[in-house]
Structures are given as C-alpha cells and as structure tokens.
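A.B. asks: Residues per chain are reported as follows:
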Amino acid sequence: MTTNVRRERKLDLVPTPPELLAFVAAAYFFWFLAGGSTNAVFNSDGIKGIMAAAVGVGGGIILSRLLRAMGPADRKLERAVPMLVMLGFVLAAPFLASGGFRSTQMAAYAYMAIGTVGIVVLTGWTGCGIIGNSAFAGLAAFTMGIAITQWSVNPLLAALLGILLASLLGLALGIPALRLRGLYLAIVTMAVALVFPAILKLQEVKSWTGGSDGLSLFTQRFGPPVDWGWLSDERWYYFLAMISLGVVLLLAYNLGTSAMGRAFRAVRDNEMAAAVMGVHVAQVKMLGFVISAAFAGLAGVLLLVTGGRFIGPDSFTLWMSFDFVIAQFLGGIASLAGSLLGAFYVVYVSREALETVGRQTQEGSIVWLLLISALILGFMVLRARGLSRAISEFGPRLSPRFGVSLLNLLKIAAVGGGPWPPLS
Amino acid sequence: MTEFFQTVVTGLMAGSLYSVVGLSLVLVYVSTRMINFAQGEIGTLSAFVAWSLMLSVPYALGFPLAMGLAFVIGAFMLRFVMWPLLAGAGFMGQGPMGVVVASIGLLLVMTAVSNSIYGPEPHAFEEPFKGGPLSIGDVTVGRHNVYLFVLSGGAMVFIWALFRFTKVGLAMRATADNRIAAELMGVPTPRMLTLGWGLAGAMSGIAAMLVAPIVTLTPGMMLGTLMFGFASAVLGGFNSPQGAVVGGLAVGVMQNLTGVYLADWVSYLHLPFDIADPGQYRDIVAMSVIVLVMVIRPTGLFGKPEVARV
Chain L
1 MTTNVRRERK LDLVPTPPEL LAFVAAAYFF WFLAGGSTNA VFNSDGIKGI
51 MAAAVGVGGG IILSRLLRAM GPADRKLERA VPMLVMLGFV LAAPFLASGG
101 FRSTQMAAYA YMAIGTVGIV VLTGWTGCGI IGNSAFAGLA AFTMGIAITQ
151 WSVNPLLAAL LGILLASLLG LALGIPALRL RGLYLAIVTM AVALVFPAIL
201 KLQEVKSWTG GSDGLSLFTQ RFGPPVDWGW LSDERWYYFL AMISLGVVLL
251 LAYNLGTSAM GRAFRAVRDN EMAAAVMGVH VAQVKMLGFV ISAAFAGLAG
301 VLLLVTGGRF IGPDSFTLWM SFDFVIAQFL GGIASLAGSL LGAFYVVYVS
351 REALETVGRQ TQEGSIVWLL LISALILGFM VLRARGLSRA ISEFGPRLSP
401 RFGVSLLNLL KIAAVGGGPW PPLS
Chain P
1001 MTEFFQTVVT GLMAGSLYSV VGLSLVLVYV STRMINFAQG EIGTLSAFVA
1051 WSLMLSVPYA LGFPLAMGLA FVIGAFMLRF VMWPLLAGAG FMGQGPMGVV
1101 VASIGLLLVM TAVSNSIYGP EPHAFEEPFK GGPLSIGDVT VGRHNVYLFV
1151 LSGGAMVFIW ALFRFTKVGL AMRATADNRI AAELMGVPTP RMLTLGWGLA
1201 GAMSGIAAML VAPIVTLTPG MMLGTLMFGF ASAVLGGFNS PQGAVVGGLA
1251 VGVMQNLTGV YLADWVSYLH LPFDIADPGQ YRDIVAMSVI VLVMVIRPTG
1301 LFGKPEVARV
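Protein sequences, first through last, are from chains L and P.
With the working numbering applied, the first sequence covers 1 to 424.
With the working numbering applied, the second sequence covers 1001 to 1310.
Please keep in mind that the hints were generated in silico from the structure rather than gathered at the bench.
Some clues are possibly wrong.
Claimed, not checked - For lysine to aspartate or glutamate, the following DMTMM-like pairs were computed, each having C-alpha atoms within a straight-line distance of at most 20 Å:
#1 L/LYS201 x P/ASP1277
#2 L/LYS201 x L/ASP269
#3 L/LYS201 x L/ASP213
#4 P/LYS1167 x P/ASP1177
#5 L/LYS206 x P/ASP1277
#6 P/LYS1304 x P/GLU1126
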C-alpha cells in the first residue's frame, strides 16, 4: 500500500473530512453560542450563529485550499491558515454570544478539555491508567476556595497554591504507580477519587469545606484586572479559560515533541526496553502523574472561577473522572487534537443535549442517554482508535470487513481512493 | 466483647455481599482479562425484572427466573459487545483502559435501560423472611442478613464446587490458564468464556436481589456495592477467586469495626484530635487500607503475579 502519495496540486475545493468535521463542530458551537436552543432549533439568533460559522470556517477552508493550489509547497502556511481562522473565531466568540451566560458555558468547555489533556499525557503517553483525576481537580478547587474564604489570599496565588497541592497529591499517587500496573493502578486511583467527596464531607473539616453544602464564593469577584468597557466579567472568564487551554495545549505539545515526550512513549511501549535505553522509568512515571495532576488541578480551578463560583463535594465525584476518560477515548487515546474533540463531545453533545432535552421529558433524557452511551460503545467497537485517527484513516481499513459502507462511499466521493490526510 | 462480636458478625454479613460482587468481577477478569463496570447494573436490571415478576408470582419463582435473566444478560454482553472488542484488531493495543471505558459506556446504557423501563423512583423489594431479628447468644442479627449470608455463601460454594469438581469447571480453568492450549485440547473456549460471563452475571443478579430490600430498588442502587466489590477483588488479588471472597469479608468487617471503634482507637493513640462521627470514616478507612495493601503487595493478598513476556 502506498500510504504517502501526495495528490497532485489542483484546485480542489471539496473539503477533507477533518475540515468537514471542524465545520460541523463550529456550526454547532456558534449556533449554540448565538442563542440557539433545543426548544426552538432555528430561531433568528441560532441562524445568525450558523451563518457566522459558515462564512468563517467555510471561508477559511476555501482560503487554505486556494493557497494549497496556487502557492509553493509551504506546509507551514497551509497549516497556519485554518489555525488562524479558528483563533479568530475563538476570540470573536464572546462578542457573538447572546448574553454573558453563554460565554460562561463556553468557558466550561475549557475545563473539560484541560482535564482531558491531563489524562492524555498520563494514560496516552506514559501508559499509566488513571481514573482518579476528579480528586486532583477537587483538591485544587477546594484549596483555592478555602484560601480565599478563610485566609483571604489573593485569588491568583490561591489558584497556584491549589494547583501545587494537586501536583503534590499526584506525586503521592505516583508512588503506587511504580509498583502497580494496568487495571490495578486504575482501580487504586479510582479508590482515591471515590473517597475524596467523603473526605470533604467529614465533620472535622466542615468548618473549612462547608460539608455537603459546599463552598460558595458569590461575594468574590474574579473580575478583569483592567477596566475596559467591553471586557465584562463573563467575557473575561471566557478569555481566561481559553488562554489557559491554549497554554496547556502548548505545554503538552512541546512536552510531546521533546526528548521527555519520547521517553514517555518509550515507557508506554516497553518499560524494560526503555530502561535499557537509559530512560529513568520511575522518574518518567512520577513526572507524568505530576503533570496530569497539575492539569487536572487547573481544570478544577477553572471550574470554580467560571462555573458559577460554587463548588460542593458532589462536583468532584467519580463521574467527573469518567467524563475525562470518556473524552480521552473518544478523541483518541494519545492525541491532543483528539482530546479537544472528545471534550467537545462530552460537554456539548452529550451533556448539553441531555440537559436541554431532559428538562422537557424524562423519557427524552433517557433516550438521549441511551443514544449517547450506545454511540460511545458503537464507536469503540467499530473504530478502536478514537475520533482523530478514525477521521484520518477511515476507509481503507473498514472496507474489507464492512464492504462498501456508506461512509466509505462518502469518503471516496470526498477525497478519492487514497488515505485521508492526518488531522493532528 | 459482645459488642465486638456483634460488629464482626454484622461486618461479615455486609462483606458477604461484597464477596459475591467481587467474585463476579474476578470471574470476568479470569476468563477474559476484562474489567466490567456494568457488572452491578446487570444485577439491577434483573432485580427490577424480579420485582415486576413478584407482583404476580411468589418470591421462590421470581428469584431464579431473574437470576437466569442476569445470566443471559451477562452472556450477551460478552458475545455482542465485549467479544468484538476482544477480537477487534488494534483494540487491545490501547491497553486495559479501553475495556474499562467501554464498560463504563455499558454502565450508562444499562442504567438508562432500567431507568427508561422502571423509572427513577425507588421501589420496595420483597424480603422473603419477615419478622424480628434473631439472637444467637448475645449477638442479634436481622433475618434478612442471615438469609443474605447463607445465600451468598451458598453461591460461592457452588462456584467453588463447579470449578473444583466438574468437567465444565476444569475446562473453564483450562481456558483461563492458557486459551490456545485449551483449544488444542478440544475445549470449546468461546463457550467457556461466555459461561464465565453468564455465571458472573447471575452472581451479580443474586447480589442485587439481596441488596434491593436494604437500599430500596433504584437504577443506581448497585454502584456502592460494586465499588466495594472492586475493592474486595483488588484486596484479595484480581486473579484469585478465593481472594475476592476473603477480601469482601475483610472489607465488610473493616468498615464495621471502623464505624464502631475508630473513636476509641484515636483516643488510645492520644492523637491531637477527636472523631465526632466515626460512621463517616467507614469507607475512607476501608479504601485507605486497600490502597496501602496494594502498595505493599501489588498483586493483592492472594493474587499471583502475572508474568509478561517482553
């Protein structure tokens, strides 16, 4: 099989599947953002959002296609254009949003994506299974909340303190990781996540954590540091969350391409061989845990800041850990771009749909739950490698077993018989 | 001393439930090297079916029917969901976490199924033996607890006897030990694996129908028991059936001892704080002990280390 044949340069305006997916995601995103709701699918605001997405993303795709067809083989430029378009949209989003409420909801996406990146770094790259990241997130969020309410610490310092404590807990959990592997490790981390809410509810710490009532910081305002008229609190939260996500992605990307990132993957692929090559296995695993915990901690802090400034023990149950893991697997176990997609799915598709429909009828919510979980399962059975890989290598692998499936036909119609270009 | 015995006996009875769930998880793990988060929900669904059956038929008929249903659900789960995962090329390359996530998906599906059929409101599940608690010496135990202990003990003895004395049990053990060798010896290994999952499903069906009168029948009722089933399986060693049984009993006793004696322990040790409500610490102490045991003995108390070839 020739897998790397470059198609000849011609003006081919048909979008590739990743672009299509980005388009659909953006359309949904902006439809939702601009005030579209499940009650009234196409109100004027929702249509405004779809139009904006169509013009922006469609224009970006066409622009990058034109560049590819006309210019020299400048891969950097070719890649930069869609990214710049996306960036422009992320920046423009809060100004398009109808009301501050939507901006806050979009900020909630960032926390899920950051937590998922944390899991990707640990489980995807070093191969240590973990289901306990909600404990890290909870520890960081509660540390921040307690530091602010009890000791009136500066919010930024409090957040850093929270992330630091979460990393320390990660370090402590890394110790069993040196001896346990696979499922045993996953279950030990799960035990930690399981008792974490119970610890918060203890009588002895109630004066700090507020027991089952949780901590509310309604009086606290994490407003913008500068007083620009257009920078409302909600928009500031949104930018804060998106900047954090960007920084996390940059850090993780750099880690992944560095020597340490290669050491991570070497440990995952074969611990003994990695050790023979001079990789310090214990150090790598501990580092993976600390990084994962720090990212999860950041996610928790963001949840506190952007998510209504209220946290309770039940904000950090095992289900939150499950959400992170599901997002990671849907996106592709070791893919950063995939973690963005997976988090998108978990936040917007499953949860949002669930809540909007669930408010109307109980049956509706259950049907959705069924659909969503069936989708997870079906997806895992049919496409084991996650969304990002599935998009990039659809077709050739499916066709022998499933015959000429509909998707395969679509793929051939879109890009011809060759393999699809990678997304990440 | 009476208080101590009372606590231990109560703990053993709660622990026997964890043992049953732990044993079902171990059965699944030993036969297919998979972890099934949906194990408890198989039981929940069959308990719901039992509940609706028992509106018209007696307990003694509804119980085995629901158990049979749980067996079928377990077997179907393997054949139609997990089997494609096991066989799918590239899937196992994701490591064991892929199976974990798939079974979390199954957990959601099963919860949604029982939710959509029976609704989220709690139902009262029938207790077969009504009446006041029994007294054995100074120790008093509820009738349902005795029934629960006897039945789950019986189920475990049945599994042990099946594996130890029957030809089917031998074939199942052979399949778990070395699938290729067993296949070459003429063992129909797919059937054995399915049987393993079916038995595990039936076990969790029993557990669910025993839990239901205590916690009332709701779609999410098995989660707590499942988590402690996991804990007991890990404590005993995930590849050791007897370990799961001992682990479950140990977890149950540990929980109850903590609930009663933690305040005393703290005051003996002259720690600089008091325990206001020891009951809150039951789960925390039990889980902490398990994590500690795992750090010291990574394979659990009875587990054999799994040899991986490079």
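A.B. asks: All hints are to be evaluated individually against the structure, with a verdict given for each.
C.D. replies: To see whether the hints hold, each was checked on the structure:
The straight-line distance between the Cα atoms of L/LYS201 and P/ASP1277 is roughly 11 Å, inside the 20 Å bound, and the hint therefore holds. For the hint linking L/LYS201 to L/ASP269, the alpha-carbon distance of about 40 Å lies beyond 20 Å, and the restraint is violated. Simply put, L/LYS201 and L/ASP213 have alpha-carbon atoms about 9 Å apart, close enough for the 20 Å limit, and the pair holds. Taken as a hint, the P/LYS1167 and P/ASP1177 pair is honoured in the structure, with Cα atoms around 15 Å apart against an allowance of 20 Å.
Among the hinted pairs, L/LYS206 with P/ASP1277 is consistent with the structure: their alpha-carbon atoms are about 12 Å apart, no more than 20 Å. Our distance criterion of 20 Å between C-alpha atoms is broken by P/LYS1304 and P/GLU1126, whose separation comes to about 41 Å.
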